[in-house]
Amino acid sequence: MPAQSNFAFIEAEWPQIYASCLRAEEYISSDPRSACFYARHSIEQLIERIYQLRGLRDPYRDDLAARVHDQQFREISTQGIIQKLDLIRKVGNKAVHGDQTPRPDVAHHVVRDLHHVLIWAAQHFSTAPDTVPVTAAFDPQLAARRQPMRVDELRQLAVTVQKEQEDYRRQLEESEAKTRALEEELATVRAQVAEAQRAKQVRDTRDYDEAATRTRYIDLDLSEAGWTLTTPGDGRTPPNHAETEVRLTHPHTGQTLYADYVLWGDDGRPLAVVEAKRTSRNAEAGQEQARLYADALEAEHPQRPLIFYTNGSTTWLWDDASGYPPREVRGFLRKEELAWRLQSRRRRRPLPETPINADIVERDYQTHAIRTVGESFTDRQRAALLVMATGTGKTRTVIALVDQMLRAGWVKRVLFLADRTALVRQAVNAFKEHLPQEPPVNLVEEKDQDARIFVSTYPTMLNRIREYTEKQTGPFSPGYFDLVIVDEAHRSVYQKYRSIFDWFDSLLLGLTATPVDQVDKNTYLLFEQEPGVPTDAYSLEEAIDDGYLVPPRTLTLGTRFLDRGISYDELSEEDKLAWDALEWDEDGEIPDAVTSAEMNQRLFNEDTVDKVLTELMTHGITVAGGDRLGKTIIFAKNQQHADFIYQRFNRQYPLYGGTFARVITHQVEHAQDLIDSFSVPEAEPHIAITVDMLDTGIDVPEAVNLLFFKPVYSKTKFWQMVGRGTRTRRDLFGPGQDKTEFLILDVCGNVEFFNADLPEREAARPQSLSERLFRHRVELLTTLRHGTGRSPTGNGTLGRPDLGHAVVDAVEYRADHLHADIAHAARHHVLGMNPHNVQVRPHRQLVETYSSSEAWERLDPAEAEHVAATLGRLPTGAQRDKEEAKTFDLTVLRAQLAQLLGDSSAFQTQQHRIQDIATNLLTKVNVPTVKAQARLLEELADDTWWQDTSALMLEDVRRRLRDLIVYVDKRTWKPVHTTFTDELIEAREVDLARTTPGTDMRRFKDKATRFLESQMDTLALQKLRHNRQLTSQDLAALEEMLLESGAGTRADIQAAAEEAQGLGLFVRSLVGLDRTAVQASFNEFIAGSTFSAQQLRFIDQVIDYLTANGAMTVEALYESPLSDNGDPDSVIGDDRVDVVIDIIEKIRRRATPSESEATQFESPGPDATDRIAT
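Numbering (this note's numbering), first residue to last: 1 to 1174.
Heads up, some of the hints might be wrong.
To be verified - Label-pair ranges, simulated between beta-carbon atoms:
1. His-252 x Asp-359: 46 to 54 angstroms
2. Ala-196 x His-252: 57 to 65 angstroms
3. Ala-1108 x Asp-969: 30 to 38 angstroms
4. Glu-184 x Ala-820: 36 to 44 angstroms
5. Glu-375 x Asn-650: 52 to 60 angstroms
6. Ala-1093 x His-301: 55 to 63 angstroms
7. Ala-1108 x Asp-627: 48 to 56 angstroms
8. Ser-679 x Asn-926: 34 to 42 angstroms
9. Asn-1109 x Leu-831: 46 to 54 angstroms
10. Pro-350 x His-252: 43 to 51 angstroms
In short, the hints are calculated from the structure, not lab data.
Glycine included, every Cβ here is placed at the ideal spot set by N, Cα and C.
Working from the sequences, and respecting the hints, build out all of it.
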């Protein structure tokens, strides 16, 4: 009996995929929308199966688009197949989510492409490739016809299908038995496929890259940009008219030309012309042909159109009339955007001739910056970079530039990007103040509106772009903005958010306070500048010399305990008794000393804090006629230290009533209200005690005292903190008495540390290994040599979204060096074996074989396990390293293997161990060799370093730290409070060297994520993911792991931790939370309450958010997607929102060591649940 489906050839091999394909062809004529949906569903199933069969790792985003375009999939497919898959995906998405029903011919082409894709897949990945009809043409009459589905039914079906897929994957993850069964099945099928592919006789000669596919792909892109396509002679002239095959006559030669597409304006004149080339050819091949079309159109109409040329994969835009060279763009522009571009071309005025609004900026360096950028844009440069010191008015400068460009007709819409919600609000307020006629839209808080200025965080804008590309909703097409401004442009922005800048075809302006000589080279490249030569720069030194900022006056002081620590032998007899009575740890072990690094971390001494506060009140700059200490920021070491300072201040100065000084940290409720009050000159508090919250982003010109009560190892961070005091303030001390300086009181040696500018030490070479080291070396050697889909340089991610491209610096120590060194170490292990030893003799032949370097070069993976198991256990004279160093080597080896294999759980285990080591070593910086690596240790302890960690980075960490492991403590102590008498070290004034911070960025979040996910069985990460209370030792372990990965400096790690409001929160933002643990924290809240289905969905959304992101801010409750179905207060009620906030705050606190360092999560107490009206 003849087949009744074009897809019958896959029915036996892939029955589920066949069922979806059958539906697709049955709906072609009766229901094109459903046909396109089922075609998309079919390729989703197919790609899932191919990934399983080939053992491909999941890409950075586990969705169809990411899987189709992932490099590993592209390597086993062709460009023609990629195009067809993308076309089916896009049309399928539009069919489900769009308002217009696809035409039957569109559905026919989509299912025809599906047929081609299945032929290709069955030819290359099935067990019966010779039965595939490689020459068969698609016959739409072959299948039966089905009754059409309603649109609402189809959309519900799409939701159901997606949920079923998610449930299936979750079940696989949660069930070891199911995973094991799947792997066993796949192993069998892989062997069958491999054998069938070796034996197949029929070759696939089909052209999967035919012109028809390319044309439909371009048609779809034009449709997504709002264009309606017409063919010659169809008599239609719809709005947004895009005409195909337009006949033209060349004005000079008289040659007849046929333009592939002409995009017409409302006035009947051409806005753009499009030349299409085959995908197999570069898009640039159509450049000259497109120019001829533009010549012909310009001759027939009084307007030269913009020129596009494309091969369906890449698209170029050429505005030759404006003098710009061609540039690659991410898609076609909408009609109104093209019209604006042509209007701007005709009417805009030169920027150097356009006045600058003196009401917005009046300083000469600001005017100079605006003029320089304007000249650069006028010279057809499309990107610029401004380097301006903190406090010199970067935002006002760009507002004046925006005002100028708006008036000159250069821009219609502007996007201002910042990395934090608070900075977005600041920018919005600044635009409202200085450009009131153009009210900005805060995209973080407001829905899309028709405005000219938009302000957003990077994640918010990424989500908006995704909505446009994936759901065809929202206005943010590639041509929507004419100018994109990047606030605080630096390498992490380049790495993670480059895709935003690539998406918009706009002028680009970067702003940074990082000094010229320390801006990362990739930042210069992003803004098309020569490294070290920004468009314009105004440094901190210049600002101070010109009187726009004030310099610091620096007092270094301290106490004996802060400087030297506390030694038991040096205490009085009375203090010794008190020392012995302290509860140091559960085992009752009493230390002989507490180091200076452990002060205010494990030991909090009342007299030490009292003496420092007395010095602050004595030497601090005062206001109000000398009666009141001026606005002061105290940088504390940790939350417990901040609380302790606050307690001691109130004990010493009770007359202030507990409001003169306040703790302002991320753990304090209503911290923003306290910041607002602190920013008011006469309002309390006048002293802000902070931990990583006020170091950046706060603008309080009245701040005149900065007390550094913690050591800082990051130059970048140190100068950001110094910047809190540099702003000027007129009449601060009375009429005509302006702020001329601010005071830095440094009690932790930071000034001396940064003035010294200590170099870093070169690490020692690796030495020989134990049995476990040998086995891991062999496994790593095999993995490097035979590949796993991951590069030892760290390209790729582990399950975290990143639309940008991974950027890896050139590393002198290359992958081939790593491979050679591992082989050498393994051979060295064997060479140390005595062939006459009774244990070695039975294996002498194997020992002799692997005593040669050639054997290691040709090591077969099938033989590797036998070699590792047999030779690893034999005695060798090569094992002479200290046990501590060998243990550390093993930890790093495991991390390298996990990174290369994509084993996130194993990776996170080792990350935790390395971070524990790094944190502990940071308490030993009094040892010179440890101090030389302090910056690296600080980086490792913070989670930022671990993003996109590579095997090479980890190798560098191993080499630099292995000899320092002997200094690591074997245990940690509980924090204790003491009343010992301290001695003050007299304050002395020193000059702070006018060096300024740079961003020596080595942070790759993707590497860190990959590393963390392979270390999931470590204690700290298990506690972090399962919402158990972290201890200081846990944070230390996390920091060690980050440092070992080699992705960045301690400063970079600290900066990331500070941005995330804590190291634990940063790590958890990468690895997320265990869903069961999150649900457990809501159980009491839900139990016994009469929640509606909508309310339960909201709570599920909160749980999903916490599971994915690891923590949650209150603001997030009122942002998309949680607010999509209504304001949370109206959805679940004010009282219940308060309880939800209590829960998410408790979850947040679990990622930060508490005073009790508990190990169990506390669910909301009865006082919380009693407030809920059931």
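Status of the hints after comparison with the structure:
Against the hinted window of 46 to 54 angstroms, the Cβ-Cβ separation of His-252 and Asp-359 comes to about 52 angstroms, which satisfies the hint. Checked against the hint of 57 to 65 angstroms, the C-beta distance between Ala-196 and His-252 comes to roughly 60 angstroms, which is consistent with it. For Ala-1108 and Asp-969, the Cβ-Cβ distance of about 36 angstroms falls inside the hinted range of 30 to 38 angstroms, so the restraint holds. The supplied range of 36 to 44 angstroms is met by Glu-184 and Ala-820, whose beta-carbon atoms lie about 37 angstroms from each other.
For Glu-375 paired with Asn-650, a C-beta distance near 57 angstroms keeps the hint of 52 to 60 angstroms intact. At roughly 59 angstroms, the beta carbons of Ala-1093 and His-301 sit within the given window of 55 to 63 angstroms. Range check, Ala-1108 to Asp-627: about 52 angstroms between beta-carbon atoms, so the 48 to 56 angstroms window is met. At roughly 39 angstroms, the beta carbons of Ser-679 and Asn-926 sit within the given window of 34 to 42 angstroms.
Separation of Asn-1109 from Leu-831 is about 51 angstroms and conforms to the stated range, judged on CB atoms against 46 to 54 angstroms. Separation of Pro-350 from His-252 is about 32 angstroms and departs from the stated range, judged on CB atoms against 43 to 51 angstroms.
Hint compliance for this structure: hint 10 is the single one not met.
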